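K.L.:
Sequence:
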Amino acid sequence: MTYSFNTIQSIAIILGFLLIGYTLQKKIPSLKDNFVPAPFIGGLACGVFMLALTPYITIQLDTSLMVVFVAGFFASVGLRSNKTVISQGFGKQMLFLAIVVGLAFLQNVVSIGLAAAFGLGREGALLHGSLAFMGDAGLGPLFTELGGVSLPLLGGVSTLAVIVGTLLGGQVFRCLQGKADLSSTIKPPAAPFGPMELLKYLFIFGLTVGLGFLPLQNGLGKWITPIGGAFLFGLMVRLVLDKTKWFELQVPHVNLIGNFSLSLFLTFVFATLKWDTIAKLTASSIAITVVQTALVFLVAVFVIRKLYGNNALAAYIATGLPGFALGIPASTMSTLQCVSENMGAIPMVLFVVPPVGAWLIALLNPYIIQLFF
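Take 0 as the starting number for the sequence shown in numbering that gives the first Met the number 0 and just add one per residue.
Note that these hints are calculated values from the structure, not bench results. If you're wondering where the values come from, they're calculated on a predicted model, not measured in any experiment. The reader is advised that the hints may include incorrect statements.
As the list claims (entries may be wrong) - BS3-like cross-link-like pairs, simulated, lysine-lysine; straight-line CA separation at most 30 angstroms: (1) 178 - 305; (2) 82 - 221; (3) 186 - 244; (4) 273 - 221; (5) 178 - 26.
I would like the entire structure built from these sequences, with the hints used as guidance.
P.N.:
As structure tokens, this is what we get:
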């Protein structure tokens with residue numbers, strides 16, 4: 000028996016489990032101390048609950064608004080970025096992209112070497128490289144196009160990587176927080192909304208997200224996804240508003256709407272992961288994932304800290320790497336959100352990390368993969 004919830008019912012369920020996630024994070028000190036994100040906790044609880052009901056009933060959530068929620072978050076990243084952030088952050092963003100591209104190359108080199116050692120062949124190398132780990136878990140069609148047939152195993156590797164990547168980000172931060180001066184972090188003040196002010200901000204977000212879908216609607220979606228479109232149009236709207244003085248955007252207000260959109264998206268993502276695919280994993284897959292995890296950890300802790308300096312920005316950027324470098328961008332964003340809620344925020348990190356992890360590397364990774372396979 001299958002029961003499908005509609006859009007508003009699904010959002011209500013997700014909000015309920017998000018509240019459960021924050022409650023558990025608050026009540027269990029080890030979760031907070033290890034920076035385990037509340038959306039991950041709530042989404043995992045929802046996913047396990049639905050999985051437990053599977054012998055009796057299959058529950059389907061309506062996920063059609065997920066792309067709107069994630070676009071809303073990236074619109075907020077653009078809207079938070081003034082001319083100073085753009086001019087100071089572009090070089091940092093491109094440096095991070097270069098590091099990530101180099102890591103994707105290394106992931107494929109490691110995968111080919113370990114697959115040969117385990118006797119897994121070409122397909123085994125393909126599904127344990129950057130195709131499964133880097134950027135997102137949406138490269139199944141490319142896997143099939145390149146001759147892969149073990150889609151259940153690919154799903155298992157990707158799901159395990161999501162779990163590891165989400166948890167590893169917090170451990171990277173714990174490793175670096177004692178070595179970096181975190182006094183530059185800020186605690187954004189609360190955002191008091193009046194009815195008219197809330198309406199204005201919702202209009203700005205709605206306009207920005209709506210514009211962000213235009214590239215997809217006009218055949219450019221391969222290059223400018225709704226995520227990238229919302230980010231770029233967010234930058235444009237912010238620059239226009241700053242230039243014309245029509246409306247002064249307040250960062251706390253943008254933060255509140257953007258982070259609310261992000262929390263909904265993240266909980267949806269973790270709730271709808273195919274958790275049962277982990278049962279498809281083999282011992283060799285787990286071993287290769289462990290090695291790839293060590294590689295990402297070393298790059299985060301040593302390479303990023305070396306290139307960005309021993310400062311708070313480097314610690315936050317390093318914290319953001321494992322999520323998308325081992326699983327999906329949602330893992331990165333959930334960890335950064337968790338760290339920012341507990342330790343304070345660094346606005347620059349949102350300009351540097353999420354656009355690379357959720358958009359730019361997703362454009363480049365298919366070409367990197369095809370250099371090896």
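K.L.:
Each hint: holds or not?
P.N.:
So, going through the hints one by one against the coordinates:
1. The hinted pair formed by residue 178 and residue 305 meets the criterion: a straight-line CA distance of about 12 angstroms does not exceed 30 angstroms.
2. With a C-alpha separation of about 28 angstroms, the suggested pairing of residue 82 with residue 221 holds against the 30 angstroms cut-off.
3. With a C-alpha separation of about 26 angstroms, the suggested pairing of residue 186 with residue 244 holds against the 30 angstroms cut-off.
4. Taking the CA atoms of residue 273 and residue 221, the gap is about 25 angstroms. The hint holds against a cut of 30 angstroms.
5. In summary, the hint linking residue 178 to residue 26 is supported, as the alpha carbons are separated by about 28 angstroms, within the 30 angstroms threshold.
Comparing the model with each numbered hint stated earlier shows that all of them hold.
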